[in-house]
Amino acid sequence: MPQQLIKVRPTKIELVKLKRRLSLAQRVQKIVKDRLSILTMEFLQTARETVEAEKELLDGLSQAYRALSIAAGYHGYIALEKELIATEADLEIAAGLRNIAGVRVPSFELIGDGKSMRGYNLADTSSWLDHAAQLFEKCLKATVELAELQRVLELLGMEINRTKRITNALEYVVIPSLQATINYLNMKFEERDREEKARLKRVKVLVARR
Amino acid sequence: MPSELSYQKMLQECLRGELRIVNAGLPRSQKPLSALLQEEYPHVQCNDSSTHFFKRKELEYLATMISSDEQEALLLPMLIELGENQAEVAIICQTEVEEELISRILNMSVTAKQGRITIYKPQLALLRKMLKTTTQYLFSPKIVA
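As you go down the protein sequences, you meet chains A and B in turn. Its first residue numbered 0, the first sequence is counted upward by one per residue in numbering that gives the first Met the number 0. Its first residue numbered 0, the second sequence is counted upward by one per residue in numbering that gives the first Met the number 0.
Keep in mind that the hints were calculated from the coordinates and are not lab data. Fair warning: there could be bad hints in the mix.
[As the list claims (entries may be wrong)] With a straight-line Cα cutoff of 30 Å, these simulated BS3-like cross-link-like pairs (lysine-lysine) come out:
id : chain 1 : residue 1 : chain 2 : residue 2
1  : A       : Lys-54    : B       : Lys-30
2  : B       : Lys-54    : A       : Lys-54
3  : A       : Lys-200   : A       : Lys-11
4  : A       : Lys-140   : B       : Lys-112
5  : B       : Lys-112   : A       : Lys-137
6  : B       : Lys-128   : A       : Lys-163
7  : A       : Lys-140   : B       : Lys-56
8  : B       : Lys-54    : A       : Lys-140
9  : A       : Lys-29    : B       : Lys-120
10 : A       : Lys-54    : B       : Lys-56
11 : A       : Lys-29    : B       : Lys-128
12 : A       : Lys-29    : B       : Lys-56
13 : A       : Lys-16    : A       : Lys-32
14 : A       : Lys-196   : A       : Lys-16
15 : A       : Lys-18    : A       : Lys-140
16 : A       : Lys-163   : A       : Lys-32
[As the list claims (entries may be wrong)] Label-pair ranges, simulated between beta-carbon atoms:
id : chain 1 : residue 1 : chain 2 : residue 2 : range
17 : B       : Lys-120   : A       : Asp-58    : 26 to 36 Å
18 : B       : Glu-80    : A       : Arg-164   : 38 to 48 Å
19 : B       : Pro-121   : A       : Asn-160   : 21 to 31 Å
20 : A       : Lys-6     : B       : Ile-91    : 56 to 66 Å
21 : A       : Leu-43    : B       : Ser-49    : 21 to 31 Å
22 : A       : Phe-188   : B       : Met-129   : 50 to 60 Å
23 : B       : Ser-139   : A       : Leu-4     : 28 to 38 Å
24 : A       : Asn-160   : B       : Lys-120   : 16 to 26 Å
25 : B       : Glu-99    : A       : Val-172   : 45 to 55 Å
26 : A       : Asn-167   : B       : Gln-85    : 12 to 22 Å
27 : A       : Lys-6     : B       : Glu-12    : 34 to 44 Å
28 : B       : Glu-12    : A       : Arg-193   : 33 to 43 Å
29 : A       : Met-40    : B       : Glu-98    : 21 to 31 Å
30 : A       : Asp-58    : B       : Glu-98    : 31 to 41 Å
[As the list claims (entries may be wrong)] Reference listing, derived: stretches of chain B covered by chain A, where coverage requires no fewer than 3 residues with Cβ under 8 Å from a Cβ of chain A:
id : stretch
31 : 36-47
32 : 118-125
Every residue gets a Cβ at the ideal spot worked out from N, C-alpha and C, and that includes glycine.
Extracted from the complex, chain B is given alone in its bound form (with noise of 0.2 Å):
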């Protein structure tokens, strides 16, 4: 049996490693739209030295809906923060690009406050229908660390 000592030791491991894998899973670095359009499968290195794929129906798709400079602008995946709130959650864009794109797939007009769109969950939901593999989820370093 296990002493004490070593359960709480086992405990605290566990825990450290819940905080581990939740952020392991994000990309290195965000590719333009662009870049990927040109590779044959399109994907990016994650943190964890995994590859995330991107699907290029929705690649595509999301190409139509901007012109070609926007597409040079836009990095992906887009993340989506999950902050403090379990409300709502936040789109973080380094462009105007993603607040149009975001506008346009929620049929709705959306702004960025301190280079973020904040969606409620029926919207991140519909969202996540239209883009699975050009989003994902980023649990905030405020509550992680």
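For reference, chain A alone in the conformation it holds in the complex (with noise of 0.2 Å):
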């Protein structure tokens, strides 16, 4: 593909201008491209980890109903009803920033290990009760994880994505377009040199003559 040239004025100053905007443009190319190694790699290993939240979360999810069925079967609805409705609870996550190779994601953090959430009586109902609860409290455990995880691929997504349109448009677009310019220059200067040779030895000859 015919590189576009930069319209520059075909002096030595604006060669040595095109060198170090080179030489920055390459730098840039090689970070970019670490960065976007990195967070591909860590892409990656979030979207493993999210198949595996997932999965793990609708486990869980059918464990814990089946045992809330077994409880409410055990107890009866309107009495299993009456004891879970005291139980209600704000939950407390601890929410934060961490970064990934320059992308700002979320970190989600369950506080406590959710039994204090636990307000029903303890003498009125059976274990059945608290194994459903003790597999829901898992389940919220990882719906946290997955919400997490969710985010993270989504930004670490967007991110490889704006990353490489500049890794494509360094390595397709700006590179080449510089070194083709530079390659000009080079070549016009290279020319004029020939044509004042060409000229000095035509003087000479002239001035031999006479």
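Assembly of the complex is requested from the two constituent chains, each provided in isolation within its own frame, with the hints serving as guidance.
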């Protein structure tokens, strides 16, 4: 593909400027490529973890609902609802940001082991309900983890797209056009030198004839 | 339509911006593990004034592997330096605690040379899986400068 030349005046100063710009672009390309490889590695790892977390959550929820239906069968729906109505509690999640190679991603962590949220009367309920509650607590942790992973995946994906565009622009447009312009200027200067030499030789011959 | 000159200027700015953002999230100062365990919400301040949070679970995991004296010496987040060689990375270590920790996590012996432990990319993936918030990437000043 022929590269578009940058419109510059054919002077040595411009050549130096172009060379500087090329070296900057090559350095940036190296960094951006490194960053892209790291982001891709993190993305793939997060994707794997997301799939695992999702599977774990689905399995956990299926087990938890099964345990809850057993507990409901044991206690009866009305009695169970009466017990559970008083158990509503606020969740405490520590939310912050962390940095992955220049990308700020969220970090969530469930505070406490969740047992404090069990507000039902232990004397009036059975171990079936305890088992169901334990399974739901596990699901809660998995939900928080999955929320974080999905958001990280989304943000990393967007950043990879952006970085890829920059890498492609540098690799296929910026650097080739700078190199083509530098080559063009070098050829122009060489041509000028050759013309100058030919002119001097001609002058020498003319002087010798006199 | 922007002129050729303004386009070039914009490009230069864009490239400089890329250089700025890669290391903007680095911590202003590292904190010892023992101090972070005492904090309610363990975090460090970054160069771009943002905060980097640590997961308590990870800190506790690290604390189980080393003694209390070593917890004082271990500075977090650990920095993973990306150098000119794309196949390997270096973990910057100020004490021998990092060496011991990395050896245990990777289940292989590692040695520090000139304050750096060199590991390969597959090992890096394993390390990052275990220590997501307690490690951070550093783009080497050699390639950034």
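- Item | Given pair status - Lys-163 of chain A, Lys-128 of chain B, alpha carbons within 30 Å | Judged against 30 Å, a Cα distance of about 24 Å means the pair holds.
- Return holds or violated for the Cβ distance of Ser-139 of chain B and Leu-4 of chain A against the range 28 to 38 Å. Given about 34 Å between the Cβ atoms, the range holds.
- Outcome of range test on Cβ distance (Glu-80 of chain B, Arg-164 of chain A; 38 to 48 Å): violated (26 Å)
- Does the alpha-carbon distance linking Lys-140 of chain A and Lys-56 of chain B stay inside the 30 Å limit? Roughly 12 Å between the alpha carbons, so the hint for Lys-140 of chain A and Lys-56 of chain B holds.
- May I ask you to test the hint 12 to 22 Å on the CB atoms belonging to Asn-167 of chain A and Gln-85 of chain B? holds (18 Å)
- Message: Holds or violated: Lys-54 of chain A and Lys-30 of chain B, Cα atoms, limit 30 Å.
- Response: Violated, because 36 Å separates the two Cα atoms, which is more than 30 Å.
- Item | Restraint check for Lys-163 of chain A with Lys-32 of chain A, where alpha carbons must lie at most 30 Å apart | holds (8 Å)
- Keeping to a limit of 30 Å between CA atoms, is the pair of Lys-196 of chain A and Lys-16 of chain A held or broken? holds (27 Å)
- Task: Please test the hint of 21 to 31 Å on the beta carbon pair from Pro-121 of chain B and Asn-160 of chain A.
- Result: Given range 21 to 31 Å: holds, Cβ gap about 25 Å.
- Message: Holds or violated: Lys-200 of chain A and Lys-11 of chain A, Cα atoms, limit 30 Å.
- Response: holds (25 Å)
- With a C-beta cutoff of 8 Å, work out whether three or more residues of the stretch 36-47 of chain B approach chain A closely enough for the coverage to hold. holds (count 3)
- Item | Pair hint Lys-54 of chain A and Lys-56 of chain B, alpha-carbon separation not exceeding 30 Å | With a Cα-Cα distance of about 22 Å, the restraint between Lys-54 of chain A and Lys-56 of chain B holds, given a limit of 30 Å.
Checked against the numbered hints above, the structure violates hints 1, 4, 5, 12, 15, 18, 20 and 27; every other hint is satisfied.
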